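> Below are the chains, spelled out letter by letter.
2 protein chains.
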Amino acid sequence: MAEKYSELELALNTLVTEFHGASENNTATLTSDQFENMVTKQLPTMAKADGGVGQLLQKMGLEVGQSISFENFWTLVQGLATQLYGLKSNEKTAKCSCLLQ
Amino acid sequence: MAEKYSELELALNTLVTEFHGASENNTATLTSDQFENMVTKQLPTMAKADGGVGQLLQKMGLEVGQSISFENFWTLVQGLATQLYGLKSNEKTAKCSCLLQ
Chain G
-16 MAEKYSELEL ALNTLVTEFH GASENNTATL TSDQFENMVT KQLPTMAKAD
34 GGVGQLLQKM GLEVGQSISF ENFWTLVQGL ATQLYGLKSN EKTAKCSCLL
84 Q
Chain B
-16 MAEKYSELEL ALNTLVTEFH GASENNTATL TSDQFENMVT KQLPTMAKAD
34 GGVGQLLQKM GLEVGQSISF ENFWTLVQGL ATQLYGLKSN EKTAKCSCLL
84 Q
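Residue numbers (the working numbering), protein chains in the order written: chain G, -16 to 84; chain B, -16 to 84.
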């Protein structure tokens, strides 16, 4: 029986699956090459930004060559979500953006 | 010009949009009723679980009647993602799950 998932459930599944799928052998961490490949495909704007993936790793508190855990990846996801939330709030009413303080 | 977004970008957008869309007037926080409506639609399993939304709020460190911020919502999302990540890891090789320690 096919289950019908909600948009939010599918979105969560996508985030987790992208991280899992980025390692060839399903290990719990990604090598920096695997992480770079994932960012290039999934977050092309960030990969092309000044400093590219190297700087992104640095912002995540990691060094080039260090392996990337799901927690590390989640830090990145959280930062992006918070940024996007801020942008969407600013698009809307002043009531919304001022409450964000 | 239509931009093509990656799966990961779309998933992030869904998470943020669901929270934003749950308030009728785009305020920065949700009332507990708005939160309950969202959970019932988007996370039906959690809404039907023992204790329902009341217990969920308690686990999030909130009381019934308190408003729910994006940060509060994100705590829930993060918990679910971590749980899902664990489940997906256990489905796979032993190598994967033991590295999760």
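If you are wondering where the hints come from, they were derived from the structure by calculation, not from laboratory data.
Mixed in with the good hints there might be a few duds.
Note: identical chains are not told apart, hence a pair may lie in one copy or across any two.
Stated by the list, open to error - Quick list of in silico lysine-lysine cross-link-like pairs, BS3-like style, CA-CA up to 25 Å:
1) Lys31 with Lys(-13)
2) Lys71 with Lys31
3) Lys71 with Lys24
4) Lys24 with Lys(-13)
5) Lys(-13) with Lys71
6) Lys42 with Lys31
7) Lys24 with Lys42
8) Lys71 with Lys42
Values in this document were obtained by computation on a predicted structure and should not be read as measured data.
> For every hint, state whether the structure bears it out.
Structure-based check of all given hints:
no.	hint	verdict
1	Lys31 with Lys(-13)	between (36 Å within a copy, 16 Å between copies)
2	Lys71 with Lys31	within (23 Å within a copy, 30 Å between copies)
3	Lys71 with Lys24	both (24 Å within a copy, 22 Å between copies)
4	Lys24 with Lys(-13)	between (27 Å within a copy, 12 Å between copies)
5	Lys(-13) with Lys71	between (28 Å within a copy, 19 Å between copies)
6	Lys42 with Lys31	within (15 Å within a copy, 39 Å between copies)
7	Lys24 with Lys42	within (19 Å within a copy, 36 Å between copies)
8	Lys71 with Lys42	within (23 Å within a copy, 27 Å between copies)
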